[in-house]
Each structure stands twice: as structure tokens, then as C-alpha cells.
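Student: Each chain, letter by letter, is given below.
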Amino acid sequence: MKRLPTSCPSCSGSLAVKRLHCETCETEVEGLYSLPALASLPPEDQEFIIEFIKASGSLKDMASLMGVSYPTVRNRLDDIISKLKRSDPKPKEKK
Amino acid sequence: MNAANPQNKTVTLLFNPFFYIAGVQALVLGLIAIGLTALIAYFGNAHFDGVLDTHIGAAAPLWLFFLEGLIDWLCLSIVLWICGRIISRTMFRTIDVLGTQALARWPSIFISLLALPEAFSRFTHEFVAQIQRGDFHINPVHVAVFLLLAMAMLPFVCWTIRLMYKSFSVACNVSGGKAIGTFIVGLLIAEIVSKLAITHVAVIAIAQQATPPTSVTAGANDKDLQKAASVFVQLLQDGKFSEATAQFSPKMKSAMDENQLRGAWTELTSKIGQCKKQLGTNLGNYQGFKLVLVTCQFERAPQGIRVVYDGDNLVTGLWFVEPDPALVSKHKD
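Residue numbers (our numbering), protein chains in the order written: chain H, 17 to 111; chain F, 8 to 340.
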């Protein structure tokens with residue numbers, strides 16, 4: 017599977033999803049759907065988040081799994097948090 | 008997740024080990040490195056008397072060398088912890104700052120090894136003594152050796168500073184120009200604080216060594232040592248400095264050579280005149296050392312000369328101190 021582009025190669029704007037395709041029955045769905053925030057991250061960051069969730073959010077376990085130090089993992093997580101905040105700067109309203 | 012390329016991993020371990028090691032593990036390794044550095048420095052009288060400083064100095068107790076390393080480490084760790092709290096956007100663990108800063112000091116082992124050669128310390132002491140006397144006749148061979156070793160030390164100093172910065176950057180999650188500027192300011196502050204702390208401790212250590220003996224114990228070899236100290240001072244009176252330095256321990260020889268001993272005696276006699284006679288000796292003990300105080304009458308004033316003997320009965324310390332007042336009164340005309 018090819019890597020999903022998230023920004024426009026022409027103007028660097030955020031891309032949205034216009035068409036979805038079912039590989040099983042060839043059904044196509046057209047509309048306008050925004051990409052989830054996580055999809056805007058590079059593949060290695062997405063992989064990091066998946067592994068982080070699998071490790072139950074334990075930075076210590078992540079460090080052990082990755083073979084790096086605790087602050088290295090924590091700094092990586094902080095960088096991802098900063099990227100997500102930049103891509104979605106508006107705070108959600110409390111209901 | 009892919010493991011780092013082994014080749015890159017080696018380079019990373021050398022120049023940014025904190026990518027892989029932090030926390031308690033780094034602290035343990037770092038304290039071992041600080042201890043090893045202190046042990047080697049003890050044999051070369053290399054004092055790490057500041058976060059960035061290394062000087063060849065006086066012989067001192069082993070504990071002082073350990074304490075210097077610990078003070079240097081703690082001063083910089085505390086200062087950078089404060090700096091990190093101010094500029095970092097995220098929380099960080101204190102143990103990571105302490106551990107990585109300790110590990111950052113490991114290249115100092117090489118600096119203390121390079122300070123071991125006798126020629127290095129000999130040049131340093133000789134140069135300082137010549138400045139004090141105001142006459143210069145520097146041995147070019149000593150100069151060459153000193154410069155070579157000093158230049159060899161420089162890369163390790165730079166390496167240590169780089170590791171200190173990477174420690175700060177990783178442990179506190181800071182980077183960029185702001186981090187570099189803050190690190191430089193923190194380093195200078197820590198240098199000043201550590202220098203003040205170590206100077207204060209060193210004065211106490213030297214003062215303890217100069218404390219007059221509080222108890223005199225007579226033993227089988229005590230009279231021999233008192234007689235030996237009297238003979239040693241007689242050698243100084245007779246200008247036989249070569250024979251006098253022959254009685255020095257290896258550690259004492261590295262701290263003071265024949266010329267320096269001659270210079271010290273000349274300076275003393277220029278102030279209070281030539282030594283007329285010895286008034287007597289008394290013996291004390293201090294942490295396994297034997298201290299013999301030889302009280303002498305010089306032309307213009309009485310003077311005490313403390314000769315310190317180690318376990319091998321070699322001279323390991325020589326101090327000009329207050330004379331024994333009882334002996335001075337007894338021989339007063």
C-alpha cells in the first residue's frame with residue numbers, strides 16, 4: 017500500500033478525502049471527509065503511537081521495547097504532541 | 008520499529024549516549040567514572056577544582072579528589088536543572104538530569120591519565136615557583152612535554168563539554184539556540200559555584216593536615232623518626248637538598264623537587280635568617296602518618312618545621328609552622 021499524502025503537493029494545504037473504495041465489492045463512496053489528526057503524522061510517528069497504546073501508555077515499557085532511554089521516548093512523545101497541537105490548534109468546547 | 012544502525016549506534020554512544028542511557032543506569036555508570044577519575048587524579052595530583060578546570064596542585068587526601076568530582080557534578084546538575092525548569096516546555100525527571108550529567112563526565116578519565124606523567128606536574132610546579140621567585144629559566148624539554156600533554160587534553164575537554172550539553176538537551180528536552188545559550192550561562196555559573204565550594208573544602212583539608220598533633224604516643228620507632236627528622240632538617244641547614252629529596256616518598260617527589268625545596272628554604276632564611284641550632288623535636292600521629300615537629304632557632308626568630316612520614320618512613324610532607332612554645336621557652340636566654 018502506498019503512503020497516504022496529507023498535504024497538497026501544489027499549495028501544501030491540508031488534503032481531505034473525497035472518495036473511498038471497497039476492495040471487496042468494488043463499491044465507491046463519494047463525499048467530503050476530513051482526515052483524522054493522526055493521519056497527518058509521518059508513518060514512523062503513527063507507528064510510535066500504536067506501539068505506545070499497545071504498551072498501555074507506559075513510557076518505561078516503550079523505552080525498554082525500543083532499546084532507548086526514557087527521556088528519548090518522552091521527548092519523542094512530546095514532539096508528536098506538539099505536531100498534533102499545531103495541526104489542530106482549536107481546543108474542543110466542553111459540553 | 009527499527010533498531011538504530013550499529014555503525015551509527017557506536018557514534019551515538021560516544022557523542023550522545025543519553026539516547027540510550029539515562030536515569031539510574033546513567034547515574035551508576037557516571038559515579039563509577041567520577042570515582043575512577045578521582046583515583047587516577049590522586050596519583051597525579053590533578054585537581055578537578057571547577058566544572059571545567061583541571062590543575063596540577065598539592066598532594067591531598069584521596070577523599071578530596073573524590074569530593075572535587077562530586078561537587079563539580081552536583082553544581083552543574085543543579086544549575087542545569089534550574090535552567091531546564093525555566094526554559095523547557097515539558098516536564099522532566101530529576102534523576103535523568105543527575106544521571107546523564109554524571110555520565111557526561113566520563114572522558115575526564117583520559118584527562119586525569121594525561122596528567123599522570125611526572126614531567127607534566129614538574130613543569131607546572133617549576134613554572135609557578137619561578138613566577139614566585141621572579142626568575143625564569145624554563146627547561147625546553149619540560150615545556151615541550153607540557154604543551155604536548157595540554158594539547159592532548161583539549162579534545163577530551165571539548166568532548167566532555169559536548170556530552171554535558173547533550174545531557175542537558177536530552178534530559179530537559181530543550182534544543183536550539185535558546186538551549187545553547189542557557190547551557191553556556193549555566194556552565195559559567197556552575198564553574199563559579201564549584202570553584203568557591205572546592206576552594207573552601209580544600210582549605211579545610213589543608214588546615215586539617217597542618218593541625219598540630221593533639222596526642223603524642225611513644226612507640227618503638229618514634230625515637231628513630233624524631234632523629235631522622237632532625238637529620239633531615241640538618242641536611243636543609245647544610246644546603247644538601249639533593250640528599251634531602253632522596254628521602255621523599257614518590258608522591259612528595261612529584262610535588263616538590265630539589266629546586267623547589269631549595270627555593271622554599273631560601274625564602275624562609277631570607278625572612279628569618281640562617282638556622283643557628285635545633286631546639287628539639289616532638290612526635291604526633293594523624294590518620295596513619297607520623298608528624299615530627301622540629302623546633303629550630305633561626306637568627307631572627309624561632310621556627311617550627313613539621314616533617315611528615317608515611318607508613319614506609321619516607322618524607323611525604325614538609326610544612327613551616329609555629330614552633331613548640333615549650334621548647335622555645337626552655338632554651339630562651
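Misleading hints may appear alongside valid ones.
[Said to hold, decoys possible] In silico lysine-lysine, DSSO-like type, Cα no more than 27 Å apart, as pairs:
id, chain 1, residue 1, chain 2, residue 2
1, H, Lys99, F, Lys202
2, F, Lys185, H, Lys99
3, H, Lys101, H, Lys70
4, H, Lys101, H, Lys76
5, H, Lys76, H, Lys99
6, F, Lys230, F, Lys202
7, F, Lys202, H, Lys76
8, F, Lys185, H, Lys101
9, F, Lys202, F, Lys234
10, H, Lys76, H, Lys34
11, F, Lys247, H, Lys76
12, H, Lys34, H, Lys70
13, F, Lys230, F, Lys283
14, F, Lys173, F, Lys185
15, F, Lys247, F, Lys202
Hints are computed from structural coordinates only; laboratory data are not their basis.
Student: Against each hint, give a clear statement of whether it holds in the structure.
Tutor: Now the hints, each set against the structure:
1. H:Lys99 - F:Lys202: violated (43 Å)
2. F:Lys185 - H:Lys99: The given pair, whose Cα atoms are some 20 Å apart, holds under the 27 Å limit.
3. H:Lys101 - H:Lys70: Within the cut-off at roughly 22 Å; holds.
4. H:Lys101 - H:Lys76: holds (24 Å)
5. H:Lys76 - H:Lys99: Given that 27 Å is the threshold and the Cα spacing comes to 22 Å, the pair holds.
6. F:Lys230 - F:Lys202: With a Cα-Cα distance of about 42 Å, the restraint between lysine 230 of chain F and lysine 202 of chain F is violated, given a limit of 27 Å.
7. F:Lys202 - H:Lys76: violated (37 Å)
8. F:Lys185 - H:Lys101: holds (22 Å)
9. F:Lys202 - F:Lys234: violated (41 Å)
10. H:Lys76 - H:Lys34: Not OK: lysine 76 of chain H and lysine 34 of chain H at ~40 Å, beyond 27 Å, violated.
11. F:Lys247 - H:Lys76: Not OK: lysine 247 of chain F and lysine 76 of chain H at ~68 Å, beyond 27 Å, violated.
12. H:Lys34 - H:Lys70: violated (31 Å)
13. F:Lys230 - F:Lys283: holds (23 Å)
14. F:Lys173 - F:Lys185: Between lysine 173 of chain F and lysine 185 of chain F the Cα gap is close to 14 Å, so the pair holds against 27 Å.
15. F:Lys247 - F:Lys202: Roughly 39 Å separates the two Cα atoms, so the pair is violated.
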